[in-house]
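Starting from the two chains in their separate frames, assemble the complex, guided by the hints.
Spelled out, the chains give:
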Amino acid sequence: MFQYIVRRILIALPVLFGVTIFSFLIVNMAPGNPVEMQINPDATAADIALKKEALGLNDPLYVQYVRWLSGILHGNFGFSFSTHQAVTGMISDRIGPTLLLMGTAIIIAYLIAIPIGILSATRQYSWMDYLSTSFSFLGISIPHFFLGLGAIYVFSIVFQIFPTGGMNTLGGTGGFADTFNHLILPALVLGTGIAGSMVRYVRSSVLEILGQDYLRTARSKGLKEFFVINKHALRNALIPIITVIGMDIPLLIGGAVVTEQIFQWPGLGQLTIQSIGSRDYPTLMAMNLMAAVAVLLSNLITDVLYSVADPRIKYN
Amino acid sequence: MSMANVKLDDQAVSFEQQIPLAPIEELGEEESYLRVITKRFFKHKLAVLGLIVFTLILLMAILAPLLAPRSPYAITDQFSAAPSSKYMLGTDQVGRDLFSRLIYGSRVSLSVGIGAVAIYVAIGTILGAIAGYFGKWVDMIIMRITDVFMSFPYLMVILVLVSIMGPSLFNIIVVLGLLGWPGIARIVRGSVLSIKQMDYIKAGVALGYSAPRLVFQHILPNCLGPILVNATFGIAAAIITEASLSFLGMGVQPPTASWGNMLKDAQSLSVLASQPWLWVPPGIMILLSVLSINFMGDGLRDAMDPKSLR
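Same order as they appear, the protein sequences are chains A and B. Just so we're aligned: 148 in the numbering used here is position 148 of the first sequence, and the numbers increase by one with no gaps anywhere. Just so we're aligned: 139 in the numbering used here is position 139 of the second sequence, and the numbers increase by one with no gaps anywhere.
Honestly, the hints are just simulated from the structure, not real lab data. It is possible that part of the hints are untrue.
[Unchecked claim] SDA-like cross-link-like pairs, simulated, lysine to any residue; straight-line CA separation at most 25 angstroms:
{"#": "1", "chain 1": "B", "residue 1": "K264", "chain 2": "A", "residue 2": "G150"}
{"#": "2", "chain 1": "B", "residue 1": "K136", "chain 2": "A", "residue 2": "R7"}
{"#": "3", "chain 1": "A", "residue 1": "K231", "chain 2": "A", "residue 2": "I106"}
{"#": "4", "chain 1": "A", "residue 1": "K52", "chain 2": "B", "residue 2": "M165"}
{"#": "5", "chain 1": "B", "residue 1": "K264", "chain 2": "A", "residue 2": "Q274"}
{"#": "6", "chain 1": "B", "residue 1": "K45", "chain 2": "A", "residue 2": "P14"}
{"#": "7", "chain 1": "B", "residue 1": "K196", "chain 2": "B", "residue 2": "G225"}
{"#": "8", "chain 1": "B", "residue 1": "K45", "chain 2": "A", "residue 2": "S126"}
{"#": "9", "chain 1": "B", "residue 1": "K45", "chain 2": "A", "residue 2": "E208"}
{"#": "10", "chain 1": "B", "residue 1": "K86", "chain 2": "B", "residue 2": "M60"}
{"#": "11", "chain 1": "B", "residue 1": "K39", "chain 2": "A", "residue 2": "Y125"}
{"#": "12", "chain 1": "B", "residue 1": "K264", "chain 2": "A", "residue 2": "G277"}
{"#": "13", "chain 1": "B", "residue 1": "K45", "chain 2": "A", "residue 2": "S204"}
{"#": "14", "chain 1": "B", "residue 1": "K264", "chain 2": "A", "residue 2": "F155"}
{"#": "15", "chain 1": "B", "residue 1": "K45", "chain 2": "A", "residue 2": "R123"}
{"#": "16", "chain 1": "B", "residue 1": "K264", "chain 2": "A", "residue 2": "N76"}
{"#": "17", "chain 1": "B", "residue 1": "K136", "chain 2": "A", "residue 2": "P240"}
{"#": "18", "chain 1": "B", "residue 1": "K136", "chain 2": "A", "residue 2": "I11"}
{"#": "19", "chain 1": "B", "residue 1": "K45", "chain 2": "A", "residue 2": "Y201"}
{"#": "20", "chain 1": "B", "residue 1": "K43", "chain 2": "A", "residue 2": "L138"}
{"#": "21", "chain 1": "B", "residue 1": "K136", "chain 2": "A", "residue 2": "P14"}
{"#": "22", "chain 1": "B", "residue 1": "K136", "chain 2": "A", "residue 2": "L10"}
{"#": "23", "chain 1": "B", "residue 1": "K136", "chain 2": "A", "residue 2": "G18"}
{"#": "24", "chain 1": "B", "residue 1": "K43", "chain 2": "A", "residue 2": "Q124"}
{"#": "25", "chain 1": "B", "residue 1": "K43", "chain 2": "A", "residue 2": "E208"}
{"#": "26", "chain 1": "B", "residue 1": "K43", "chain 2": "A", "residue 2": "R7"}
{"#": "27", "chain 1": "B", "residue 1": "K43", "chain 2": "A", "residue 2": "W127"}
{"#": "28", "chain 1": "B", "residue 1": "K39", "chain 2": "A", "residue 2": "D129"}
{"#": "29", "chain 1": "B", "residue 1": "K39", "chain 2": "A", "residue 2": "F155"}
{"#": "30", "chain 1": "B", "residue 1": "K136", "chain 2": "A", "residue 2": "L300"}
{"#": "31", "chain 1": "B", "residue 1": "K136", "chain 2": "A", "residue 2": "D303"}
{"#": "32", "chain 1": "B", "residue 1": "K264", "chain 2": "A", "residue 2": "P163"}
{"#": "33", "chain 1": "B", "residue 1": "K43", "chain 2": "A", "residue 2": "D129"}
{"#": "34", "chain 1": "B", "residue 1": "K39", "chain 2": "A", "residue 2": "S126"}
{"#": "35", "chain 1": "B", "residue 1": "K43", "chain 2": "A", "residue 2": "S204"}
{"#": "36", "chain 1": "B", "residue 1": "K45", "chain 2": "A", "residue 2": "I11"}
[Said to hold, decoys possible] Just so you have them, the derived chain A footprint on chain B, three or more residues with Cβ under 8 angstroms:
{"#": "37", "region": "235-247"}
{"#": "38", "region": "270-278"}
C-beta atoms are modelled at their ideal positions from N, C-alpha and C, and glycine is treated no differently.
Next up, chain B with everything else stripped away, as it sits in the complex (with noise of 0.2 angstroms):
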C-alpha cells in the first residue's frame, strides 16, 4: 500500500510541475492527486459547461412533480396544439402538455444511462480483471468472448433482443448493461496487466495476499481513471441508443414520456412539416444532454491523461 501511495506522490508531483501557480507544498497524500484532477478538469471550460448543463438536467429530474405544470398523462382539452401562453410547448396528437412531457422523460433518459452503465461497468471491470489477473487460458477464453460481443453491431442486437423480451425501461436498461461490457474489459484487462507488473503487486503476493485482495484493493484503485472516462462517455451513449429505440418504437412505450418516443411522432411527413413543436425540443433536449455528459468526459480524460499538457 506505501508502494501505491508513493505512485501517486510522483503523478502528483508531476502534474503539479506542469500547472504553474500551484504551491507545492500544500500538496497532501493521495488526496491531493484528487485535487489536481479537479482543478484541471474545472480549467476545461467546455467540461464545465456540460456539468453545470448536466446538473441542471438532474435536477429537472429529480424535481420533475415540481417543475411540471400538470401530469405528463393527464388529456387536455386540445390536441396538436401549437405552444401558447397556457400551453408552453404545445399538446401532442393526443393531447397531452408537451412541457410536461419534456421534462418527465429527463427520467427516463437519465436511469437509462446511468443504470445500464452501472450494470456494465461492474460486467466488464470484474471479468476484464480476471482476465488480466489471471492470464493464460482464462485470459484467452474471457477476450475471445468479448470478441464475439464486439463483432455484433451493437444497435441491432439490442433492437433483436428488446423486441424479444418485449420493449420497456427495465428491460432496456437490462439489455443495454449486458451488452455494453466488452470496451471496459478490455480497458480494465489493459490497466491490470501493466499494473500487476509494479514491484508493489511483486511484494503483495510474496507477503501471501490473495487474490481478490490483490485486485481490489491494490490493482482495481490505480485503473479509476480509464473506467470512469469510459463510463462517461458510456452514460452518453446509452441515453442516445435507449432515444433511438424509443423512436423506432422498440424502447420506452407511450403513455411514458421518453425523449425518443416524443420525436416518433414525426416520422410522419406532415407532423415535420406543419408541428416542429411535437420534435424540435425533445430533439434539442437529447443533444443537450449527451453533448454535455461528451464534455465532461472531455474534461476528465485531460484531466486524468498525465501526457496532457493544458
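Bound conformation, chain A alone (with noise of 0.2 angstroms):
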C-alpha cells in the first residue's frame, strides 16, 4: 500500500514536470509582455528594450524557464499584465467562492444521482429507467450555459426566489444565509451536469452488483429487498462511484468557468473570463498549472481511496 502510494507520486512528477514545461511554453507563446502590458505608452523604444534587459526576457528560454519554476516553487506566479497585483494574491481571493460552489454541486450531483441510478438499476427497463435515462441525458448533453439561463429566466426573472447572481446581496450585510440563497441557483446548475454522467456510472454500478452471488445468498436467506439492495448491494457498488469523482474534476473547472460568468460569481472561473478579456496570460497560466495540479492530486487520492475502500484490489 505504502509502496503503491509513493509509486504513485514518482510517476506523477514528471507529469507535473511536463505540466510546468506545458504552461511555460503556451505564456511564452503568448503575444505581449510583461514589459509592454507596464509601460506607459509614451515609452521609447530604448526604454523598453532596457526595462526587457533588466527584467531578464532576452535571456535564453530554458533560463527564463528555471527562474519561473523557481518562483513558482517559492509561491511566486509573477504579476498580472492588467492590475499589476501579484498573481497569487488575485488567485487566493478568488479560490474560496470555487471551492465553495464546486463542493456544493459536487454533494448536489451525488444526492440527485446516487437515488435515480439505485433506481434505474434496480427496476431495470422499467419506465423508471427510461426516464432516469434520458435524464442522464439530458444531464450530458445540456450546455452549462444553456441550463444556467434557463435557470435565472425560470427562478429569477419569472419566480423571483432566487437573485440572479453574484454572491452577496449588493450593500446588503452579507452573511451566510444570503450567500447560501446566491449558491443554490449556481450549484444547482453545475451539479446538474455533472449527476447526468454520474447517474450512468451509479446505474452501471449497482447492475453489476445484483448480479452477483452473494445477493442471492442474502435473498434466499429470507432478507427483505429493502436492506438486500441498501445494505448489502449498495456498500460495494458506491466503491467504484469514488472514482467518478476524480475523473468529473476536470470538466466540474470547465463547468465552473461557464457557470461562474452566468452567475457573476467572483471565482477563478470568473477571473478566467476575466483574464481572457484583457490577456492577463500570467494569470491563467497560474490558474491552468493549479488545476492542473489539483487534477493530479484528485486522481492519485481517488486511487488511493479506492485501494483502501475495496481491500480486494492489489496494485503491484
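Okay, structure coming up:
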C-alpha cells in the first residue's frame, strides 16, 4: 500500500514536470510581455529594451523557464498584466468562492445521482429506468450556459425566488443566509450537469453488483429486498463511484468557468474570463497550472481511496 | 488474416444467439458482423431517433442556402423584433433574420464537431497504436505525455490557446483537434495491448510482416468499435465546447452565425427577460444536436458491446 502510494507519486512527478513545461511554453507563446503591458504608451523603444533586459526577457528560453519554475516553487506566479498585482494574491482571493461552489455542486450531484441510479438499476427497463436514462442524457447534453440562462429565467425572473447572480446582495450585510441564497442556483446548474454522467456510473455499478452470488444468498435467507439493496448491494456498488469524482474534476472546472460567468460568481472561473478579456496570460497560466496540479492530486487521492475502500484490489 | 476472420465469426455467432428470430445460416463472412451490429443499433429506439434528428440537422447544414429565407448577414428593416409572420423567429439586435442565422449556425457546429474529432482521432489512434505495439519506453513516454494533456482542465486550456491564436472557426477546430486526442490514445493503446497477444498477430510476426502492416492491417481494424463510439461522443462534446467558447466570446466571431454566439446576447438580463426568442431557439438547437449524437453513441456502444444482452 505504502509502496503503491510512493510509486504513484513517482509517476506523477514527471507528469507534473511536463505540466510546468507546457504551461511555460504557452505563456511564452502568448503575444505581449510584461514590459509592453506595464509601460506607458509614451515610452521609447530604448526604454522598453532597457526594461526587457532588466527583467531578463532576453535570456535563453531554458534560463527563463528555470527562473519561472523556481519562482513558482517559492509561491511567486509572477505579476498580472492587467492589475499589476501578484498573481498569487489574486488567485487566493478567488479560490474560496470557487471551492464553495464546486463542493456544493458535488454534494448536489451525489444527492441526485445515487438515488436515481439505484432506482434505475433495480427497476431495469421500467419507465423509471427510461426516465432516469433520459435525465442523464439531458444532463450530459445540455450546455451549462443554456441550463444556467434557463434557470435564471425561470427562478429569478419569472418566479423571483433566487437572485440572478453575485455572491452577496449589493450593499447588504452579507452573512451565511444571503450567500446560501445566491449559491443555490449556480450550484444546482453545475451539479445537475455532473449528475447526468454520474447516474450512468451508479446504474451500471449497481447492475453489476445485482448479478453477484452473495445477493442471491442474501435473498435466499429471506432478507427483505430493502435490506438486500441498501445494505448488501449499495455498499459495494458505491466503491467504483469514488473514482467518478476524480474523473469529473476537469469537467467540474470547465463547468465552473461557464457557470461562474453566467451567475457573476466571484471565483476563479470568472477571473479566467476576465483575464482572457484583458489578455492576462500570467494569471491564466497560474490558474491552469494549479488546476492541473489539483487534477493530478485528485486522481492520486481517488486511486488511494479506492484501494482503501476495496481490499480486494491489489496493486503491484 | 484468416485467423482474424475466425475471431470475427465467433463473435458474430455469439451475438446471433442472443438475438432470437435471426436465422443463423444467413450469416456470411465479415459482412455478417456489420449486419448484426446494424440490427442491434436499429433496435435501440433512442439511437434511431438520434440518427433521424442528426440526419435532419445534417441536411439543414448542407441545404442551408436553400432553406434560409434570407442571407444570415443581411440587415432587415427591423431590429430586436419579436417573431412574426415575416420573420419566423424574429430579428437580432443588429437586425439580422434569426431563423436564417439559426439554419446557418448548424454549419459551424457540425464542422467543428466533425473536423476536430477527425483530427484528434487520427492523432490519438496513431499515438495509441505506437505506444501499445512497441511498449517499453516508447509506451512510457507517450503515456506520460497523455497524462500531461489529461491533467489540464480541457475548457480552460482551450480558452487560453484560442485567445492566443485568435478566435476563429479554423483555429477552434485546430485547437480542439490538437488537445482532444488523449482519450482515444488510451483506448487504442489498451485494445492494441490485448490484441497483440492474440495468436494471429504472433503468426504475423513469425511470418515477418512489418510493424506498420501488422498495426494498420491486422490490429487497428479490430479496434474500430471503441474508436467509433468514442468519436461519436467526441463530436457531441466538441459541439458543446464550440458553443461554450462562442458564448464566452472566444469562439466563432460575429457576423458569422454560431449557435453559441447567438446566445451571447442573453448574458444581458434585459434580453434574457424580455427577448426569449433571441436565446431559446439556438439553445434548443445545441441541445437537440448534442442529444441526438449522444443517443447515437449510446446505441453504437450497446450494439458493439459483446456483453450487452439487449
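Problem - Violations among the numbered hints - result: Hints 6, 16, 17, 26, 29, 36 contradicted; others consistent.
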